[in-house]
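Novice: Chains as they are written, first to last, in the working numbering: chain Y, 1 to 380; chain V, 1 to 465; chain W, 1 to 102.
A few of these clues could be false.
Incomplete in silico selection of chain V near chain Y, CB under 8 angstroms [stated by the list, open to error]:
| no. | residue |
| --- | --- |
| 1 | P6 |
| 2 | S92 |
| 3 | D339 |
| 4 | M412 |
| 5 | P436 |
| 6 | E438 |
| 7 | A444 |
| 8 | Q445 |
| 9 | P450 |
| 10 | L453 |
| 11 | G454 |
Listed below are several chain W residues computed to face chain Y (Cβ distance under 7 angstroms; list not exhaustive) [said to hold, decoys possible]:
| no. | residue |
| --- | --- |
| 12 | E50 |
| 13 | T52 |
| 14 | G53 |
Treat the hints as calculated values from the structure; they're not laboratory data.
C-beta: ideal position from N, C-alpha, C; glycine also.
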Amino acid sequence: MIQRISTDVTIIGGGLVGSSAALAMRQAGLDVVLLDKGFCGAQASGVNYGGVRRQGRPAEQLPLSQRAHGIWPRLKALVGIDGEYVPSGHLKLARTERDFAKLEAYAEMARPYGLDLELVGAEALKTRFPWLSAAGAGASLCPGDGHANPRLVSPAFARAAERAGVKVFEQMPVRDVRATGNGFAVLAGENLEIRSRQLVNSAGAWSDTFAAQFGETVPLKRIYPSMVVTEPLPLRLPVSMGEQGGSFYGRQVARGNYVMGGGRGAALADPDFSRPSVTAASSVMQRAIALFPHLANAQVIRFWSGTEADMPDGNPVIGPSRTTPGLFHAFGFCGAGFQIAPAVGEVLSELVTSGRSTTPIDAFSIGRFAHAAAQTADSL
Amino acid sequence: MTEALPIVIVGAAPAGIRAAERLVEAGVRPIVLDEGLRAGGQIYRRPLVDDGRSYRNRYGSEAKKAERLHAVFERLRPSIDYRPETLVWNVSGLERSGHLDVLREGVHRQIAFSKLLLCTGATDRVLPFPDWTKPGVYTLGAAQTALKAQGCTVGDRLVFMGSGPLLYLVAWQYMKAGARVEAVLDTAPFRSKFHLVSLFVRAPRIVALGLFYGAQLQLSGVKVRYGVRPQTVLGEERVEGIRFRAGGRTEALACDAIGYGFALRPETQLADLAGCRFRFEDRDRAWLPERDAQGRTSRKDIYVSGDGSGIAGADAAEIDGELAALAILQDIGNTVAGDRPRQLTAARARILRQREILESAFPFPRDWFETVPPETTLCRCEEIRIGEIHCAVGAGSIGEINRMKALSRVGMGRCQGRMCSAAAVEVLSSIRKVEPKETGRLRAQAPVKPIPLGFGGPLDTEESR
Amino acid sequence: MSRQALFKRRYRRDEEAIPFLLNGLPEAGRRGDTVMTAILSLETSLRRTEFTGESRAGFCLIGACQDCFVMMADGSRVRACSTALEPGMAFLTDAVEGVEHD
Chain Y
1 MIQRISTDVT IIGGGLVGSS AALAMRQAGL DVVLLDKGFC GAQASGVNYG GVRRQGRPAE
61 QLPLSQRAHG IWPRLKALVG IDGEYVPSGH LKLARTERDF AKLEAYAEMA RPYGLDLELV
121 GAEALKTRFP WLSAAGAGAS LCPGDGHANP RLVSPAFARA AERAGVKVFE QMPVRDVRAT
181 GNGFAVLAGE NLEIRSRQLV NSAGAWSDTF AAQFGETVPL KRIYPSMVVT EPLPLRLPVS
241 MGEQGGSFYG RQVARGNYVM GGGRGAALAD PDFSRPSVTA ASSVMQRAIA LFPHLANAQV
301 IRFWSGTEAD MPDGNPVIGP SRTTPGLFHA FGFCGAGFQI APAVGEVLSE LVTSGRSTTP
361 IDAFSIGRFA HAAAQTADSL
Chain V
1 MTEALPIVIV GAAPAGIRAA ERLVEAGVRP IVLDEGLRAG GQIYRRPLVD DGRSYRNRYG
61 SEAKKAERLH AVFERLRPSI DYRPETLVWN VSGLERSGHL DVLREGVHRQ IAFSKLLLCT
121 GATDRVLPFP DWTKPGVYTL GAAQTALKAQ GCTVGDRLVF MGSGPLLYLV AWQYMKAGAR
181 VEAVLDTAPF RSKFHLVSLF VRAPRIVALG LFYGAQLQLS GVKVRYGVRP QTVLGEERVE
241 GIRFRAGGRT EALACDAIGY GFALRPETQL ADLAGCRFRF EDRDRAWLPE RDAQGRTSRK
301 DIYVSGDGSG IAGADAAEID GELAALAILQ DIGNTVAGDR PRQLTAARAR ILRQREILES
361 AFPFPRDWFE TVPPETTLCR CEEIRIGEIH CAVGAGSIGE INRMKALSRV GMGRCQGRMC
421 SAAAVEVLSS IRKVEPKETG RLRAQAPVKP IPLGFGGPLD TEESR
Chain W
1 MSRQALFKRR YRRDEEAIPF LLNGLPEAGR RGDTVMTAIL SLETSLRRTE FTGESRAGFC
61 LIGACQDCFV MMADGSRVRA CSTALEPGMA FLTDAVEGVE HD
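Isolated chain Y (complex conformation):
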C-alpha cells in the first residue's frame, strides 16, 4: 500500500539545516515533509563538537554567521529547550608571533562585519586565564561566541518542526527523486511517495548523490572528526577554545566533562559509521595536558566520531540549483555548520517563499564548481 503525500516542500535530510529549514518554512505557512534516512540530528549535526563560533570563519560566511548569532539566544522560545547554549566566549590561541599576527589580521578583517574580537597579549593571557599553561604568543577572544549540546539541539529542531505541523519521517531513506516538470516526485522508504513543488537537498555527507541526480557534480568529500570526552571534572574552563594553525579545540560543559577534538577519524566498512582514530585522539589528549595542567589526573571516558561533508574551498553550498527550478541545496559545511545552520534554515525558507535570500549567499553557489568541473573535463 503506497502512501501518497502532496506538499509544498520536501526536505531530504533531517540534520540541523534541514530541520531548522522545515521549522522556518512551516512558520512561513508552508506544508513541509522532512525525510531522514536514519534519525533527525543523529549524524554530523548531532555528534559534532558543539562550538557556536563565528570567530575564524571566512569573510563570506560572517553575514550568515551573524544572523545565526541572533537566533541562538532565542533557542528556548524557538524549539523548547536552550540546548545547553552558553555564550561563554571563544578563545583562539596563537602559539607563535606569526600566528598572533594572523589573529590580528583576522580581527581587522572581521570588524566591519560586527565581530568585536579582543586581542589578548601573552602577558595578559597569563593573568586573565591562569588555568592555561603552555605560554603562547597571545590569543583572540570573541566574547559572544560559545557552545551548545549538539545531541540535544539538532533533534530539538526536528521535534519543534514536527510540533509545528511538519510531517517528519525518520528511517525513511530516499530511493528515487526526480523532477516532474512542475515539481518533484520523491520515493522514500518502502512505500512513501511525495509530490512537492519544491525540494531541498540538505542531506549532509550524502548530498552529492542527490545533486548528481540533477546533473550537478560537486567535489564533496567525507571527513570524520575525532572527539574525546573526559569524565565530569570541577568547572575550570570558562571559554570554548581553539588554536590558530593547530587542530585542537576544547570546551567544558556545565556537567563538568571536557569535550575536545582535533584531527580526523576514519570511516568503517559501512561508511555511514566512523571511528575516531587513536592517533588523532592521542594528539588531542597530549595537547589537552599541555594546555590544561589541571587535567593531569583526568580520565577519558569516551571517543566519538561522525560523518561530515567537506568542500575543497572550505565553504558550503547554499542556494538554488543551476539545473532545476524549485531545487535548493544546503550542504558541505566542512565541519563548521553547527553555528550557522539555524540561519541557513531561515535563508532556505526565504528562498522557497520569495526566491531570494536577505543575507548574501552568492559565495556559496553550486555554480562555482560547475566551472571547475568543466575545466577538468576540458583538460582530459
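Please arrange chains V and W on chain Y, whose structure you already have, making use of the hints.
Specialist: For chains V and W alone, kept in the frame of chain Y given last:
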C-alpha cells in the same frame, strides 16, 4: 622476512586459559592479556596473598575445577606471554591487520595480532530499585568476590535478592563464612522452581546442590521469599534494611548489606569495536557477537569464547576455550586430529540446554519497571533517573537505544552502560511496548573503560612491521 | 562522616599490617587487601558523587561499574576494587570531587 604476528587472547579465565593450553600444546606461544591482578577470572578469582584457606573453603563445590584450572595456568605460564593488569581498551587498525590498544602500568601500547580470541566474560546483570546506589548495596558477584578474593563479607547481616543460581549459592557461602543471612528474596515465583524437576534428569548435580543450599539456609532460619519486588533500601548514609513486597504483603527487614543480581550480562564491547556482526539472543536478553560452534565470528581472524559470547557458565567456557583454540589451529593450517571438536561441541550444547531450563527456574523479572518509581536512579554514573528517561524518550518519540543514550545521557558515563544498559533496554521497550530486541543495540565506544588523559600516544608499537 | 565499617573481615585478620592514611589520619589495612577492603573495613564510603553528592562504596568489585574510584592525596585516583593496598598510600574519601555547585 617478516615474522608471523602473534595470536592474542584477551582474558585469563576458564575460556582463555583452556584456549591457551590447547595452543601451547600445538607449539604456539600466545600473548594472554588479563585485566586482573592474577589469572583465574572472576569465578576462580584468587586472593592477592595466601590467606591460609583451602580450595574447598574458598570455592566450595567448584574447588576441584578451580584447583585444576589454576594448576593448568601455572604450568602454562613459562610457555605463554602472560600480561596481568593489562586493560585492552580498543581494537583499531582494522583496515590493515588490526591491533589492540592496551594500557599497562600507565603505558599505552599497540599489539598487532594475527588471530584474536576474545574471552571477555560477563558482569552481573542488575536492575535499579529505590536507593540501590546506597553504600552497602552490592551485586551478588561482588558479594561473592569480596569473600572469595578478600576474605571479607560486604556486611555482617545480609539480605540477598534476585534471580539465578548464584542467589542461593552466595547466601549459603556467606552463612558458612559466619555472616548472619537474614533472608533470600527470590524475585521469581515459587512455581518457576518446578522447572528444576526436568533439569534433574539432565544435570542432577546442579539440582542437588541447589536443593542442598536452599535446605541448609531454611534450616538455619534464613527467611526465603518468592515473587519479591523491592520497595526501597532503608537507611540514611548506608544500608540499614530493605522493604519489599512478596505474596501480596509488604515486609521490612533490618540488614546492613544487600547483595543482588539477575544472572549475568556478557561483556561484548571489544567484539563490537572489532567490527563483529551481532544478533539478539532471547535467552540472555542481550545482543551477542554472531559465532559458529567453535567461536569464529563474522570477522576473519577474530574469535569469541566463554560468557562474553553468550552466558553459559564456567564449565561451558572451559570447553568453549578449547574449541576456539582448535578453530584457530585449523584456520592457521594445523590438522586437528580426531573428532575432539565434535565432542566438545556436543558437551557445550548439553550445558546450553541446561541453561534454558535454569532460565525458566530463575526467570528474568520482565515486569520489574511496573513497580519502580520514576525518581529512582537508573544510571549510576551520570545519576539519571528513570523519570528523566521517560521525558527524553517521550519528548523525542525515541524508540532506539542509541538515540535514547544521546538524548538522556544514560550509558554515557564512566561504566559505558555496563550497569544500566540492560535496564535501559527494559525501560525503553516497556515505554514503546515492544520487545527489547526492537530497541536496537547499544554501540560500544572506545575506550571501553576509562583511560588517563595523560597517557600519551602509543609508546611503542609491538610487532608492527 | 560515619566511622562505621561496611565490610567485615573473616580471614587474614592477623596478617601483617599495612599502614596508610585515610583523610589524613593513620590507619592500617592487612597485607593482601585491596584499597577497597582496607577502607571499607573502617568506613562506609569511598567517595561522593559529582552531581548529587551522595556517598558511594563501590558496587561490582570486578572493575566494571567504575563506582569505587578513590581520590588520593596527590590528586590522582585509583579504582579501589582492583588496586592492591601499598604502604603509605593516602586517601581522601570525603573530598567532593566534581562539579562545584552554587
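Novice: None of the hints should be skipped; say for each whether it holds.
Specialist: Evaluated hints:
1. Nearest Cβ of chain Y to the Cβ of V/P6: about 19 angstroms, over the 8 angstroms cut. The hint is violated.
2. Of the supplied interface hints, the one on V/S92 holds, with its beta-carbon coming within about 5 angstroms of a beta-carbon of chain Y, less than 8 angstroms.
3. With its C-beta approaching chain Y no nearer than about 36 angstroms, V/D339 sits outside the 8 angstroms limit, and its interface hint is violated.
4. The criterion of a C-beta within 8 angstroms of any C-beta in chain Y is met by V/M412, whose closest approach is roughly 7 angstroms, and the hint holds.
5. With a least beta-carbon distance of about 19 angstroms to chain Y, the hint placing V/P436 at the interface is violated under the 8 angstroms criterion.
6. At its closest, the beta carbon of V/E438 sits 12 angstroms from a beta carbon of chain Y; the interface hint therefore is violated under the 8 angstroms criterion.
7. Proximity of V/A444 to chain Y is violated relative to the hint, the smallest CB-CB distance being about 10 angstroms (cut-off 8 angstroms).
8. Look at V/Q445: its Cβ gets to within about 5 angstroms of chain Y, closer than 8 angstroms, so that hint holds up.
9. A cut of 8 angstroms between beta carbons decides the hint on V/P450: the least distance to chain Y is about 4 angstroms, and the hint holds.
10. This hint holds: V/L453 has a C-beta 4 angstroms from the nearest C-beta of chain Y, less than the 8 angstroms allowed.
11. With a cut of 8 angstroms, the hint placing V/G454 at the interface with chain Y holds, because the nearest CB-to-CB distance is about 5 angstroms.
12. Residue-level restraint check for W/E50 holds (minimum Cβ-Cβ distance to chain Y is 5 angstroms; threshold 7 angstroms).
13. A distance limit of 7 angstroms between C-beta atoms decides the matter here; for W/T52 the minimum to chain Y is near 12 angstroms, and the interface restraint is violated.
14. Using the Cβ-Cβ criterion of 7 angstroms, the hint placing W/G53 at the interface with chain Y is not satisfied: the shortest such distance is roughly 13 angstroms.
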